[in-house]
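As they're listed, the protein sequences go chains A and B. To convert, count from 1 in the first sequence and add 56; that's this note's numbering. To convert, count from 1 in the second sequence and add 56; that's this note's numbering.
Given that identical chains are not distinguished, each listed pair holds provided it fits within a single copy or across any two copies.
Below are the DSS-like pairs computed for lysine-lysine, each with C-alpha atoms no more than 30 Å apart in a straight line:
(1) 158 <-> 265
(2) 196 <-> 134
(3) 150 <-> 264
(4) 63 <-> 185
(5) 150 <-> 224
(6) 185 <-> 265
(7) 261 <-> 224
(8) 221 <-> 70
(9) 134 <-> 150
(10) 185 <-> 212
(11) 134 <-> 212
(12) 172 <-> 196
(13) 70 <-> 137
Think of the hints as simulated: they come from the structure by calculation, not from any bench. Quantities reported herein were computed from a predicted structural model and do not represent experimental measurements.
2 protein chains.
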Amino acid sequence: MAKFNLKEILELEKYYRISLLNKISGLKSANLIGTRNENGISNLAIFNSVTHIGANPPFLGIIVRPLLVERQTYSNIKTGKYFTINQVTEQIHKQAHQSSAKYENNVSEFEECGLKEENIDDFPAPFVKESPIKIGLSYKEEHLITANNTILVIGKIEQIMLPDKALKQDGDIELDSLNAIAVGGLDSYYSCNRIGRYEYARPGKEFKKID
Amino acid sequence: MAKFNLKEILELEKYYRISLLNKISGLKSANLIGTRNENGISNLAIFNSVTHIGANPPFLGIIVRPLLVERQTYSNIKTGKYFTINQVTEQIHKQAHQSSAKYENNVSEFEECGLKEENIDDFPAPFVKESPIKIGLSYKEEHLITANNTILVIGKIEQIMLPDKALKQDGDIELDSLNAIAVGGLDSYYSCNRIGRYEYARPGKEFKKID
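Hey, can you work out the whole structure from these sequences and the hints?
Quick look at the structure:
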């Protein structure tokens, strides 16, 4: 059993610590965030921190790292007020990983990563054509986490698109049928197979498998 | 293609909307949070919102739903100042799902769900014996998300334990070797297989697969 206390964690070699700490909380979602800067140039970046905030009204949150260097996604959300969240699949996971490279802000990561920009209706931010689940959001609020100057950005969902085949009659989304993937930290990609979907759990009662 | 705008989302049947919105952002981590109330009774609850906040110093965040009803985990973190985050595996995913049931605060969910409480060193909050990755945290700060009164709680990592076999020489954690699972929304559990781990991506360069 490997065991680290806070002092030992702080003394770890930098990249060892980054890898360990980014993976310690388990598998995460993999999404591409699409934005546009004030010159209209599109930006695309992979995020593993998209978090459910609420369903009614519908909100999602993302964590942005400290603004010590330019954060294009954050800066574009603040100026443009809109962004998109697009599911990463097994088919596009390498292109998605490439979007984590630090590009200058006068090139579009869509082109550089080999993904297609899709503009839908009049939505101001670009979607990823290859992503089966596409979410359009507007900027709602943000919170500066004083512990380390990361920022929680909350977006309000303005529209959702997904394939009919993955959406069940009760609102369930079969993420495996879309080849949605999970990530470990910043560099490891995992395909997923459904073990089971279960009823709502109640004290003292055995819950049934739904499918 | 199914398409919903904000107005249509708000008009959906309640449980359809909850299922759709909880799954729309893809796969999430599955962790059990262990706490203790002021009478010393342990509490255990499954969370899919554990988020990496920082590595140096090490912080994790969780989202707590609005305090319209009693939130035992939140209330215990606020009074006790310590909590644990424990990885859910395929082997204990049904026990973890059972922990989502609403128990009274005079019973321990460990016993009710069939999981073993483990007290390690002098850490004030209980760990889950069956979890391969165990994290002990102290309360750091919180942020009220005014959009819908959910709360982001930040914890500082005080200690980490995980099996040697899953921890590589560079700090990588092989989550699949631990049978770590991912969840879709509140009711669907997924096993995961590693597709690949890749080098840091750089503009205009092809990255290599590490393993």
